[in-house]
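Respectively, the protein sequence lines represent chains H and W. Note that our numbering has the first sequence beginning at 1, numbered continuously upward. Note that our numbering has the second sequence beginning at 347, numbered continuously upward.
In case anyone wonders, no lab produced these hints; they're calculated from the structure.
Cβ-Cβ distance ranges computed for the label pairs, FRET-style:
1) W:Leu543 <-> H:Asn338: 32 to 38 Å
2) W:Thr668 <-> H:Val318: 28 to 34 Å
3) H:Leu194 <-> W:Gly694: 49 to 55 Å
4) W:Asn844 <-> H:Lys316: 42 to 48 Å
5) W:His828 <-> H:Asp18: 30 to 36 Å
6) H:Cys332 <-> W:Arg906: 42 to 48 Å
7) H:Glu24 <-> W:Met766: 49 to 55 Å
8) H:Cys332 <-> W:Pro691: 38 to 44 Å
9) W:Lys803 <-> H:Asn38: 20 to 26 Å
Think of the CB as a built atom: it goes at the ideal place given N, C-alpha and C, for glycine as much as any other residue.
The lines below spell out each chain.
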Amino acid sequence: MVDTLLKQPAPEKLTPKDFKSDQEVRWCPGCGDHGVLNSVQKAMAQLGKPKENFAVISGIGCSSRFPYYMDTYGFHSIHGRAAAIASGAKSANPDLEILQVSGDGDALAIGGNHFIHAIRRNIDMTILLFNNEIYGLTKGQYSPTSKHGMVTKTSPFGTIEQPFHPAELALGAQSKFYARSIDTNIKLTSEILLDATKHKGTSIVEVLQNCVIYNDGTHSLITDKNTKEEYQLVLRHGERMIFGKDKNKGLVMGGNGKLVVVTIGEHGITEQDILIHDAHTPDPHMHWLLSNMTAPEYPVAFGVIRDVAALSYEEKMVQQIKDVQEQSSIKCMDDLLNSGDTWTVE
Amino acid sequence: MSQKTKVIEKEEVVIRFSGDSGDGMQLTGTQFSDTSALFGNDVATFPDYPAEIRAPQGTVGGVSGFQLHFGHTEVNTPGDYADVLVAMNPAALKANLKWVKASGTIIVNEDSFTDRNFEKAGYDSDPLHDDKLADYNLIKAKITSLTRECLKDSGLDQKSILRSKNMFALGMVYWMFDRPLAHTEEFIENKFKKHPLVVDGNKKVLHAGYNFAKTIEALAYNYSVAPAKIKKGTYRNITGNKATAWGLIAAAEKAGLPLFCGSYPITPATEILQELAARKDLGVKTFQAEDEIAGICTAIGASFAGNFAVTTTSGPGLALKTEAAGLAVMTELPLVIVNVQRGGPSTGLPTKTEQSDLMQAIHGRSGECPMPVIAASTPSNCFEYAYRASKIALEHMTPVILLTDGFLANGAEPWRIPKMEDLSPITVPLAKEGDDYLPYARDEEKLARKWAVPGTKGLEHRIGGLEKMDVTGTVSYVPENHQVMTDIRSERVKRVANFIPDLPVKGEENADVLVVGWGGTYGHLTTAVRELQKEDKSIALAHFNYIFPLPKNTGEVFKRYKKIIVCELNDGQFAEYLRSNFQDVKFEQYNKLQGLPFTVKELKEKFNQLLEEK
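Modelling step: build the complete structure from the supplied sequences, incorporating the hints.
So, in structure tokens, the structure goes:
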């Protein structure tokens, strides 16, 4: 019944405005979330799918208010569980386009288990991970991605914990799609979201996001107008890993298996020496190196870092059911009830 | 099939097979009960096994037992005490002797009665020479060596040979009760069809056991238990867990929705997930989640997306699902949560039965968070109550908790197979394209909201755990609205009472004592009350399947009786719940917390005591 409901004729052309709900957006003025919301609405309009096929599913946290601002189907659930709820929704109704919105606390602390298992199963959905390295909604406690030593309300003398790097978790869970953007770059974020949505399987999109109230400027080294071009490397599949204000810096592989930043024109380095990004290679080694680069030693990698094709969970689920149904003589409940050992009392 | 010396007709017989947890006693017991059911007896079974898969061999802790009760008359329990005990080792004898009827028959595998095994079982000396066994009909059979001898030229290895010794014991008991071997032979042929040597070996040993019993005339007489007078129809044996799984599938088919089960393995509920996973032919989707929380959360997601969703668990798992269950109440999504209760608290007694999650089911959530709670009461009616729980969930747009327990889950009995066309219809309040949809607009009768499935054009809306504005469903912190919504959530569940049957009472309207029970104790309570009624005692039984809300006539029923005793396998949770609902009624209690069902004997003693106190 559900399946037939989803067989829709070609949709009318949609604009980002069609995805705006009538609810007032209540994030703080200047919050990075506003930019991401715009990016998402822009990307969804470009996908050319009817909006009733979208479901936005979130957990708890500032970013998890997201579904209320989208004029699609939406579910604002409970802390940490959105990945599990989205997994169920997608398995139940594979035609849905699911955007699962989470923050660093929601996805990586209380919901860490669901996060890695959704990736491991490769359920076709986009997990939009807002990483502001702080708990905002509870007013400023450290999160699993807060930098070591960071002073917050629950770490008045500095945290003594190692932070998670979301990319490492995702790749460790055998992620097939990992991309990174930054809240202020609406164009890049929506470009990435288009790729992420088109990718079959769990797509992780980490957005470095600024919390103006509790963690303002945490990403400033890579967002500052004066330095950002030196510290941002936007990767595109098939293109060379070149960055810098003068587009003269690049990455090469060092003899010790580490990436090395070089300058084109110095020490005999030419553009031909710079590595070419291959997002589609199944071997995650280079993706690991790229996604783990931190400033100021390296530029921080943005764009689609990994995008490898694989069957999704629900594709395999549907196929398995079809295969079993073709072979089984049990076609309905009455068949099952009367199967096996039965006897009749006259 | 064989020439019998003397045949004695019996109304009913209880047999208990016991041995090491690797001895195949569950299989042996199942074979005997299936054969008896096919023969036409009424049967009830109860496996009793340790939590460890292979507990230390030869120890009392590692004993696995399977009790079955078959009869010419109605059988409602697996029986208190056994007429025949099969003990494959000294530990099995030690663990089970107290469950054998005075002058009952005990078959032991003599080969296993060695000094080393006495020590493991905690015997100081050979119990077979103990005076304690003098009152029993003791049959010593060298089951291991006879099996080995029988298969010495079979080409099977020693391990496989030893593994088939349970068939020797089964063969012996088949002879004693004049059962045909055909069903078990067929079973062996199917189970080992890829291993013809094993098929031949097992069948040979089965016959050897049968012939051995005949040769030694294991009993002075043979017992015969004639088929029971059973309602016409087609029957099958079914366990509680399988019946639960099938009830859920039947409801999904009736409602015209795909069934989705998000679950995490947990004893004693796991077989429900396993059975559903095997039913891909009926389109069932199972999702083995990473934990209990993901089990219910995937189900909630599936329900949001338009499937009929269920999650299955046991007590500790229900505790983990608590927060998400609250989300299902808040979002008013249909969901069935099956809790197969086991001994608690904490890990407790995973393989044993108990009814101690009642309060958790009724109240165990944050906030004012009501959801209907219903309970199955026999292994086979797990089907009916799973179906009814599903119907309530889907028609009233609410999560429902279905309580069963370890005793029902693993117990089996013959079941008259229903026809799908005879099951009551399930009408799902789906919103349709073009509807003027408001997420929290309700129908007047049930106060159920409509279900707008993602993918339906024009019905885009948002739901979630935050309090919602009445009718429109937008987020609301308005104080008066929270009062309104709380009242609606409460009233919705109360109105389920308008859609359930009255509480039935077995016995006279003004009997001296009314026995009250709920859920899995039905068989024992009904047997105890029936036997006392046959003795002309003034006693009646009211057994509950609908816990929350209670049937509407409950107060009326209680008013008719002066003495009411609530019997349950917990410390008095239902009694306490009834007291809070009926403050003028006095409820006495009878409670047991041993991980075991009641015995009919102890119930009758208690009831007699109560009948005598005037």
